[in-house]
Amino acid sequence: MSYLVHAPIDVARLNSEVSAAHLGGATTFIGSVRRSPEDGPVEAIEYTAYQEMADREFHRIVAEVSDRWPNTRVALQHRLGHVPTGEASMAVVAASPHRSDAFAACRYVVEEAKKRVPIWKKEIIEGGTARWCGNSAERIG
Amino acid sequence: MSYLVHAPIDVARLNSEVSAAHLGGATTFIGSVRRSPEDGPVEAIEYTAYQEMADREFHRIVAEVSDRWPNTRVALQHRLGHVPTGEASMAVVAASPHRSDAFAACRYVVEEAKKRVPIWKKEIIEGGTARWCGNSAERIG
Amino acid sequence: MSRSFGTDSTGSTISVCLRFFARYAEVLGTDAVTVELQAPATVAHAVSYVRELLPNGATLPEKPLVAVNLEHVLPHQSIHDGDELAFLPPLAGG
Amino acid sequence: MSRSFGTDSTGSTISVCLRFFARYAEVLGTDAVTVELQAPATVAHAVSYVRELLPNGATLPEKPLVAVNLEHVLPHQSIHDGDELAFLPPLAGG
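Chains as they are written, first to last, in numbering that gives the first Met the number 0: chain R, 0 to 140; chain B, 0 to 140; chain D, 0 to 93; chain U, 0 to 93.
DSSO-like mimics (lysine-lysine), calculated; alpha carbons at most 30 Å apart, straight line:
no.	chain 1	residue 1	chain 2	residue 2
1	R	K114	U	K62
2	D	K62	B	K114
3	R	K121	U	K62
4	B	K121	D	K62
Here are the in silico distance ranges between beta carbons for each label pair:
no.	chain 1	residue 1	chain 2	residue 2	range
5	D	C16	B	D66	31 to 37 Å
6	B	K114	D	C16	22 to 28 Å
7	B	G85	U	H79	49 to 55 Å
8	R	H58	U	L52	33 to 39 Å
These are calculated hints, taken from the structure and not from any lab test.
Predicted model only: the values in this text are computed from it and were never measured.
Glycine residues also receive a C-beta, built at the ideal position from the N, C-alpha and C atoms.
Assemble the whole structure, with the sequences as input and the hints as a guide.
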């Protein structure tokens, strides 16, 4: 099963994938396409990926979570294609018996995904122009 | 409006309360009633509160988030009364332009809530016994 | 119920409401009492009152978590006529 | 398309597939070429090939992010016949 989807992300399904009666804490991160003043009027983002590698890299990251936080389960999806402003591009859920592990594992997946997973985005600006973006240190989306 | 509810927590509503087109990252924490081997067969938890103070303390915590992370919005609910195993007792959502702020603000609310908000829980054990619990350093639920 | 507490019954007194929650309410068999304490009084005096004079009061810790008028306070905090003191068992929200 | 690259055309060569993504595919006007490189070869040799011989190749950075057979690698990594090299613009997932 791929971590990459072309339809809106179903966060409830991700939650149900990781939920279990002994996992009392779940941390979710949802990254959405944003329209911010400094960015100009972004109306959507086109996400593309090197899909075989992106899936493999997500799989490795999930395996690393199991090594580092053995009691913690994670589920995630990244959306590809045209994602309108306000919709989610990535969602990560981590469930654990310990809330600090749930937070840490969720954060780990988000940070590693941004560093390692070959996905690119092109901002579609109102009026029809477009520009490629790269992840900088602390910007989202 | 109270942060305390007697019905199941509506996480989607909390999400919609904080979502905005310029806030690209949202971190959610959901604490649920868990049934873990070391705890014995817990079938529910009865949550009670010193409601006036709990609401005031949640309000202070939310105000502190606005001071520390001015661009970040938070929404939260804590459930009171009988909460069956597997259902959420508390949910916190933090939305921010910056994912690190979304994580930090969400975590802050969870930790401060556990330290400061006068809420208590009584575990209802299968067979009809019950026991009062206190928050320890790293246990959830 | 209303009671007075203090070594010098000729001094001025204050009336405060003591509220008990969760396990404390269970062991004391009540969730609120109004008591009179000799002025000036602190949270620690109210705690002594509870531990010495209320049935099962001695089962409460010597330094329980206490809030005055909806704020967490320390034992040396002064209390005044009309204050509401809440005795809070170890918190367990979340 | 298939091309060869190397100073000594009498030595053995390897054939590798170069794939280009996102902005790189746009500026190069292609998303894949198969090329022949003189053995032994490294990722850095393949990068030089692209920058020197492909149209608009010089617009790529001197040390682009490259993956070999789905793994991130460094420039000195050896490459072998049949390898797939992916040229990755700055990542932007999340």
